[in-house]
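Undergrad: Here is what each chain is made of, one letter per residue.
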Amino acid sequence: MAKRLIPLFNRVLVEKIVPPSKTTAGILLPEKSTKLNSGKVIAVGPGFHSKDGKLIPVAVKEGDTVLLPEYGGTEVKLDNKEYHLFRDDDILGTLHD
Amino acid sequence: MAKRLIPLFNRVLVEKIVPPSKTTAGILLPEKSTKLNSGKVIAVGPGFHSKDGKLIPVAVKEGDTVLLPEYGGTEVKLDNKEYHLFRDDDILGTLHD
Amino acid sequence: MAKRLIPLFNRVLVEKIVPPSKTTAGILLPEKSTKLNSGKVIAVGPGFHSKDGKLIPVAVKEGDTVLLPEYGGTEVKLDNKEYHLFRDDDILGTLHD
Amino acid sequence: MAKRLIPLFNRVLVEKIVPPSKTTAGILLPEKSTKLNSGKVIAVGPGFHSKDGKLIPVAVKEGDTVLLPEYGGTEVKLDNKEYHLFRDDDILGTLHD
Amino acid sequence: MAKRLIPLFNRVLVEKIVPPSKTTAGILLPEKSTKLNSGKVIAVGPGFHSKDGKLIPVAVKEGDTVLLPEYGGTEVKLDNKEYHLFRDDDILGTLHD
Amino acid sequence: MAKRLIPLFNRVLVEKIVPPSKTTAGILLPEKSTKLNSGKVIAVGPGFHSKDGKLIPVAVKEGDTVLLPEYGGTEVKLDNKEYHLFRDDDILGTLHD
Amino acid sequence: MAKRLIPLFNRVLVEKIVPPSKTTAGILLPEKSTKLNSGKVIAVGPGFHSKDGKLIPVAVKEGDTVLLPEYGGTEVKLDNKEYHLFRDDDILGTLHD
Numbered sequence: 001m002a003k004r005l006i007p008l009f010n011r012v013l014v015e016k017i018v019p020p021s022k023t024t025a026g027i028l029l030p031e032k033s034t035k036l037n038s039g040k041v042i043a044v045g046p047g048f049h050s051k052d053g054k055l056i057p058v059a060v061k062e063g064d065t066v067l068l069p070e071y072g073g074t075e076v077k078l079d080n081k082e083y084h085l086f087r088d089d090d091i092l093g094t095l096h097d
Numbered sequence: 001m002a003k004r005l006i007p008l009f010n011r012v013l014v015e016k017i018v019p020p021s022k023t024t025a026g027i028l029l030p031e032k033s034t035k036l037n038s039g040k041v042i043a044v045g046p047g048f049h050s051k052d053g054k055l056i057p058v059a060v061k062e063g064d065t066v067l068l069p070e071y072g073g074t075e076v077k078l079d080n081k082e083y084h085l086f087r088d089d090d091i092l093g094t095l096h097d
Numbered sequence: 001m002a003k004r005l006i007p008l009f010n011r012v013l014v015e016k017i018v019p020p021s022k023t024t025a026g027i028l029l030p031e032k033s034t035k036l037n038s039g040k041v042i043a044v045g046p047g048f049h050s051k052d053g054k055l056i057p058v059a060v061k062e063g064d065t066v067l068l069p070e071y072g073g074t075e076v077k078l079d080n081k082e083y084h085l086f087r088d089d090d091i092l093g094t095l096h097d
Numbered sequence: 001m002a003k004r005l006i007p008l009f010n011r012v013l014v015e016k017i018v019p020p021s022k023t024t025a026g027i028l029l030p031e032k033s034t035k036l037n038s039g040k041v042i043a044v045g046p047g048f049h050s051k052d053g054k055l056i057p058v059a060v061k062e063g064d065t066v067l068l069p070e071y072g073g074t075e076v077k078l079d080n081k082e083y084h085l086f087r088d089d090d091i092l093g094t095l096h097d
Numbered sequence: 001m002a003k004r005l006i007p008l009f010n011r012v013l014v015e016k017i018v019p020p021s022k023t024t025a026g027i028l029l030p031e032k033s034t035k036l037n038s039g040k041v042i043a044v045g046p047g048f049h050s051k052d053g054k055l056i057p058v059a060v061k062e063g064d065t066v067l068l069p070e071y072g073g074t075e076v077k078l079d080n081k082e083y084h085l086f087r088d089d090d091i092l093g094t095l096h097d
Numbered sequence: 001m002a003k004r005l006i007p008l009f010n011r012v013l014v015e016k017i018v019p020p021s022k023t024t025a026g027i028l029l030p031e032k033s034t035k036l037n038s039g040k041v042i043a044v045g046p047g048f049h050s051k052d053g054k055l056i057p058v059a060v061k062e063g064d065t066v067l068l069p070e071y072g073g074t075e076v077k078l079d080n081k082e083y084h085l086f087r088d089d090d091i092l093g094t095l096h097d
Numbered sequence: 001m002a003k004r005l006i007p008l009f010n011r012v013l014v015e016k017i018v019p020p021s022k023t024t025a026g027i028l029l030p031e032k033s034t035k036l037n038s039g040k041v042i043a044v045g046p047g048f049h050s051k052d053g054k055l056i057p058v059a060v061k062e063g064d065t066v067l068l069p070e071y072g073g074t075e076v077k078l079d080n081k082e083y084h085l086f087r088d089d090d091i092l093g094t095l096h097d
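Protein chains in written order, with the UniProt record's numbering: chain A, 1 to 97; chain B, 1 to 97; chain C, 1 to 97; chain D, 1 to 97; chain E, 1 to 97; chain F, 1 to 97; chain G, 1 to 97.
Next up, chain A with everything else stripped away, as it sits in the complex (with noise of 0.2 Å):
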């Protein structure tokens, strides 16, 4: 049985997608494949209350492919699976065919 894990104010739960080594479509990194980081929403916070007590939804929602930045986010493990958990204001955009 899994366990699922909901993040708090506007973290965001990603899976990391591997990019194919070959070029099929869409992202392609031959050289300096480091540079680009993309991954899948799992799960999203219910965001976090601005300095006024609004609360500010989270800017990308679960199922979204988004662009990570090169650095950062804190690696999750949950059933052996690895994950990674941003901030949404970390997270530089999100990705469509």
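One should not assume that every hint holds.
Stated by the list, open to error - Quick list of in silico lysine-lysine cross-link-like pairs, DSSO-like style, CA-CA up to 27 Å:
id, chain 1, residue 1, chain 2, residue 2
1, G, K77, G, K16
2, F, K51, A, K51
3, E, K51, G, K61
4, F, K54, G, K54
5, G, K61, G, K3
6, F, K77, D, K16
7, C, K54, B, K51
8, E, K54, E, K3
9, F, K77, F, K40
10, A, K54, A, K16
11, A, K51, D, K54
12, B, K3, A, K51
13, D, K61, F, K3
14, F, K3, D, K54
15, D, K16, F, K54
16, A, K54, F, K51
17, G, K51, G, K3
18, C, K54, C, K81
19, D, K3, D, K54
20, A, K16, D, K3
21, B, K51, E, K51
22, B, K51, G, K16
23, G, K3, E, K3
What the hints assert, rightly or not - Facing chain E, a subset of chain G residues (Cβ under 8 Å, in silico):
id, residue
24, I6
25, K54
26, I56
27, R87
Everything labelled a hint here was simulated from the structure, so no lab data went into it. Just so it is clear, the structure is predicted and the values come from calculations on it, not from any experiment. C-beta atoms are modelled at their ideal positions from N, C-alpha and C, and glycine is treated no differently.
Got chain A; can you put chains B, C, D, E, F and G on it based on the hints?
TA: Just chains B, C, D, E, F and G, lined up with the frame of chain A:
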């Protein structure tokens, strides 16, 4: 007779869960077992006042199973038992079956 | 005749409790006894003004038993007796039987 | 098929303009050519929420020619082409004929 | 003829009280006498404007006896007499008989 | 054909004024001539949004003669001519005859 | 013909007062004469906008005699005469007979 600690502001009193060394279900950490920390919330503070004077309640509640950061927290001993105090925004998420 | 100190803003005047070296009940620190500090609140300030000009009252009150951080606080001597001043947000929690 | 990146918050996706080594008109950099960087805005984020929860839109728009800071920005490769991500407040200005 | 200083913002002009070397009553510092500093408030500023433009008055008033921090404050000489200027939030509390 | 730069946010495009080495009138710097910098405002940004989302206009306007800080500013070359970009709050004042 | 400087934001243009080396009345600094600095306010800025967009006026006015901090301020030369620019919150107080 036991002493009871009520945390102040957005602090959370947590009892760390020692992971089983052999798998049953749920969190499994065969290698690099120091990477994941979970705990049970024993008590939470009343929240803290935003810069506008509004009370922001604590994001977790008593009884929650929480994912803790690898570092941080203040060790507290009450009746010979070890606990940790965290600010709620240092807690990464809640764990659910 | 004793001098009385009324703290300013969110400061709290605390008299530290010296833990008994042998257990009766409550706080027990057989080893690493410097890890826990508790104290009795002697006086509190009026609170401080938030950035909006609202008065945020102090989170503890006279007579509370409080859990103090391991470091910090300002030592004050009044009538030959030693006290400590803390900002209320440096105080970790209140202790109850 | 190309992947499309939609930046988050106030981020701006820019394709840098390689200045001609000989002058025609406009930007001319005979010596110290690294001093000026311009780029074309490919995509912009939705803006970000101010501390009051109001959405502040991004200060540039798709198609703008922008003056970039000498340093900074995050290199991103999409379909083998190099782009840069900037926060809009790191962009110095817009260039017009 | 004496010059008079009116502090700006939340500044407080203080004349330090030199503690008697032998006890009468009140503050007594047989050893480590540098640990406690008290002073008399000579003049206070009008307060300062919060980020919302509201005027926050100074927390002490002329004539108050105050407990000063061990370090800090700006030495000022007026008519050959030594005073100190403090921000009111650096003053620890007020002393009363 | 010249390229025109419109600064973003509260940035100000300035053309530095080279002081005459011999006095006529106005700014005179016989020794330590690097101490004073003045410039002419060529273009200003639209201002920036305060934390409440209000637009704060730029404090100087096109054509103003301004006193610049000794250090800072970003050098920009447009059509082979050298300009500097400053945040308006780095500009010290305006100069008038 | 003299150039006139109007400071920006909450800046204050000050002409330092050179204290007499022998006492008449007022400020007297027989030893450690660098400890006190006073000046005359020549011009003040319009104030600055708070984070809510409200204009906070400058705390001193033209003609005031002010107590200056020992360090800080920006030296400015206008028509061969030396002045200093200070932010109004760096000025310690106003001096009155």
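Undergrad: Looking back at the hints listed earlier, which ones does the structure fail to meet?
TA: 8, 10, 12, 14, 15, 17, 18, 19, 22, 23, 24, 27
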